[in-house]
Amino acid sequence: MTSSVISAARRAVRNLRADPVRLVNTVVVVVALVAAVALPLFSDPARVGVAFVALVYAYRNFTWNIAGGYCGQLSLAHASAFGIGAFSVAVLTWVHGVNPWLSMLVGVLLSVILGAAVSLLMSRLGVNAFFFALGTLALTAALHGVAASWNVVGATNGLQSTSDDEGLLHLQWFVDPTPFYYLALAFLVAVTVGTALMLKYTRFGRSLVFIREDSTVAASMGIPVVRHQAIAMALSMGLTAVGGALLAQFVQFASYESVLTVEIGVSMLLGTIVGGAGTLAGPIVGGIGIAIVEELLRGMEISSSNVGAYTQIIYGIIVIVLMRLGADGIVPMWNSGLRRLFAGRGGAAPAGRHRQDAGQSGERGHEGPARGVAAQATEEAALSRGRTH
Amino acid sequence: MNATLVQVTLTGLLQGLIYALIGLGLYLIFNVMRVVNFAHGHLVLVGMYGMLILEPRTFGDYLLGLVVMALVAAAIGYLIERFLIEPGLARPGHSQLVITLGLGIVLQYVFQVLFPEPFESIPNPYPWGEAFAAFGVTISMPRIAAGVASLVLGVLISILVYWTRAGSIIRACAESLSGAMHVGVNVRRTYRLTFALGAACAAVAGGLLLPIQPVSPILGLELTIKAFVVVVIGGSGSLWGTAVAGVILGVAEALGSVYAPGSLATSLVYALFFLIILLRPQGIARRVARA
Numbered sequence: 001m002t003s004s005v006i007s008a009a010r011r012a013v014r015n016l017r018a019d020p021v022r023l024v025n026t027v028v029v030v031v032a033l034v035a036a037v038a039l040p041l042f043s044d045p046a047r048v049g050v051a052f053v054a055l056v057y058a059y060r061n062f063t064w065n066i067a068g069g070y071c072g073q074l075s076l077a078h079a080s081a082f083g084i085g086a087f088s089v090a091v092l093t094w095v096h097g098v099n100p101w102l103s104m105l106v107g108v109l110l111s112v113i114l115g116a117a118v119s120l121l122m123s124r125l126g127v128n129a130f131f132f133a134l135g136t137l138a139l140t141a142a143l144h145g146v147a148a149s150w151n152v153v154g155a156t157n158g159l160q161s162t163s164d165d166e167g168l169l170h171l172q173w174f175v176d177p178t179p180f181y182y183l184a185l186a187f188l189v190a191v192t193v194g195t196a197l198m199l200k201y202t203r204f205g206r207s208l209v210f211i212r213e214d215s216t217v218a219a220s221m222g223i224p225v226v227r228h229q230a231i232a233m234a235l236s237m238g239l240t241a242v243g244g245a246l247l248a249q250f251v252q253f254a255s256y257e258s259v260l261t262v263e264i265g266v267s268m269l270l271g272t273i274v275g276g277a278g279t280l281a282g283p284i285v286g287g288i289g290i291a292i293v294e295e296l297l298r299g300m301e302i303s304s305s306n307v308g309a310y311t312q313i314i315y316g317i318i319v320i321v322l323m324r325l326g327a328d329g330i331v332p333m334w335n336s337g338l339r340r341l342f343a344g345r346g347g348a349a350p351a352g353r354h355r356q357d358a359g360q361s362g363e364r365g366h367e368g369p370a371r372g373v374a375a376q377a378t379e380e381a382a383l384s385r386g387r388t389h
Numbered sequence: 390m391n392a393t394l395v396q397v398t399l400t401g402l403l404q405g406l407i408y409a410l411i412g413l414g415l416y417l418i419f420n421v422m423r424v425v426n427f428a429h430g431h432l433v434l435v436g437m438y439g440m441l442i443l444e445p446r447t448f449g450d451y452l453l454g455l456v457v458m459a460l461v462a463a464a465i466g467y468l469i470e471r472f473l474i475e476p477g478l479a480r481p482g483h484s485q486l487v488i489t490l491g492l493g494i495v496l497q498y499v500f501q502v503l504f505p506e507p508f509e510s511i512p513n514p515y516p517w518g519e520a521f522a523a524f525g526v527t528i529s530m531p532r533i534a535a536g537v538a539s540l541v542l543g544v545l546i547s548i549l550v551y552w553t554r555a556g557s558i559i560r561a562c563a564e565s566l567s568g569a570m571h572v573g574v575n576v577r578r579t580y581r582l583t584f585a586l587g588a589a590c591a592a593v594a595g596g597l598l599l600p601i602q603p604v605s606p607i608l609g610l611e612l613t614i615k616a617f618v619v620v621v622i623g624g625s626g627s628l629w630g631t632a633v634a635g636v637i638l639g640v641a642e643a644l645g646s647v648y649a650p651g652s653l654a655t656s657l658v659y660a661l662f663f664l665i666i667l668l669r670p671q672g673i674a675r676r677v678a679r680a
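Line order of the protein sequences matches chains A and B.
Mapping of the first sequence onto the working numbering: residues 1 to 389, in sequence order.
Mapping of the second sequence onto the working numbering: residues 390 to 680, in sequence order.
These are calculated hints, taken from the structure and not from any lab test.
Zero decoy hints are in this set.
Derived list of chain B stretches under chain A, where covered just means 3 residues or more per stretch with a C-beta under 8 Å from a C-beta of chain A:
#1 499–511
#2 610–619
#3 657–663
On the chain A side, residues computed to face chain B include the following (Cβ under 7 Å):
#4 LEU137
#5 ALA309
#6 VAL319
#7 MET323
A few chain B positions that, by computed beta-carbon distances, are all more than 10 Å from chain A:
#8 THR393
#9 PHE448
#10 TYR515
#11 TYR551
#12 VAL647
Note that the coordinates shown come from a computational prediction; the quantities given were computed from them, not determined experimentally.
Beta carbons: idealized from backbone N, C-alpha and C, even for Gly.
Isolated chain A (complex conformation):
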């Protein structure tokens, strides 16, 4: 038993030595984790609160990434799940006194059902990514409208927490947000590890990338595409609801304008793509990046109402530039940069594979300028690593 653990560890170390890119990334992840755990020890509560919000951004981007990044379902319905999670604790806990963890669970279940339903409904329209995005956008807009005029969820006034209870059981701390911070960190780490394991060891997890790359081929390989898409959306949106519940408990306020807007959905989509969709680290980098940009802007002389606006403008422009250049986001670019750096030392990239996209490449092939070298390298890097880093 012990010897097998040691030999596994030895193998891991040997693998790291053989692959310098993986070594660098491992060091980065370890340093980031240590820094994240140590952060509250060296910061005042206000800063920890900001860090908590950054983790919630990272968390909700990460959950979006499960369906949006890995399975290619560019969904804007996740904002609905975020809102449902927030409103679940708002309505059940704040108004009716139910335990917040139970309320959170209710929000998760509702979001799971909604995710599966919207995925199955949109599959009626075919696999067109544009229609999927627009349909899910319409869903979020519809729920936004309902929340704005439904008294149970506070209509235009919103709901406020009135409970005085404090502690883990009541998911509420008043003075110091450090427990919130560690809770969010724990959720983020758990969902990251869980997703990594799922992608590697389950049939469902491995099928997601195939569905994204070519759903027709995936179906011909015997993957139940529609069912797996529905499961991916259900899982992804269910987890998003947890983020909404956490944020609502932290802010102690939820209204249709603060937790259920199409802009939240767009921010999840753009943030993840800027970080690197379909990678584990990408959505986290994108989410924390949004929080950092917001903080930097707050430091400048900009009215507080415009901070969010400028952040969105900056992210929008970054996304346009990235997409225009055919690049894949910060994390894949970082990986391909490292790979090129170590290329001279035996870390040669494997042979390239051209991505085919159903219904697009066949028709659009005529224009055919070769893909950018950077994009190609990124893709090779991502594919060779099974898109797990």
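Please arrange chain B on chain A, whose structure you already have, making use of the hints.
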């Protein structure tokens, strides 16, 4: 049928004609290029805010303003297609989706920063009085004029698409890209001009909408959704399906607002839309062989 219901239906019909014009722009772009422009609603906002800046005082100024906004939006559409959409068409994936969505968000927040005053509008620019009243039904003049103008423009675009050489080139690209290329169609130019035309539709609709509906940056995404709803309900068969779907959307929304408060009425319309997807994913219009 009482007068209120007639009034609401007529109002919805006129509003629906504007939706049809906005949807027509999205439909043209989608059918020809298989690209949904997520910034389409924000191009409507370009028309609205542009009109707000021009601040027309007379009817002549207003008409001139519409023409100017059409040209400006066409130029913007041309540039978007040329520099943002076209390079991505050859690549796999859906970069156009993310690019236009990002562009829409950028426009939305730029408008929010530039025009902090919410819900601005312009006074009635039409010289024929404030409202039309008969049989107990009163409808404001800008609404009638905007509806009629949208209808006329819609008919003009149909004529362009179905009865001119440029239109047959557009339809050729929509029907079969490889076929169009084989017979020597300049596909790139067609794409750019189609995108410019679609953008101009959106901006003119925005100009027509402004005297009726105060402008706000959040309208952008909402109008994109409505245009999309119109395109899906209309089906991919013909322009007429899109026009009919626009009217249905407008009337449904107006009738909904009688029985439910404003935001809920729109939600009801979207719920209706999901029902239609479930029952008739191919749209209400029958698929016709010629696109």
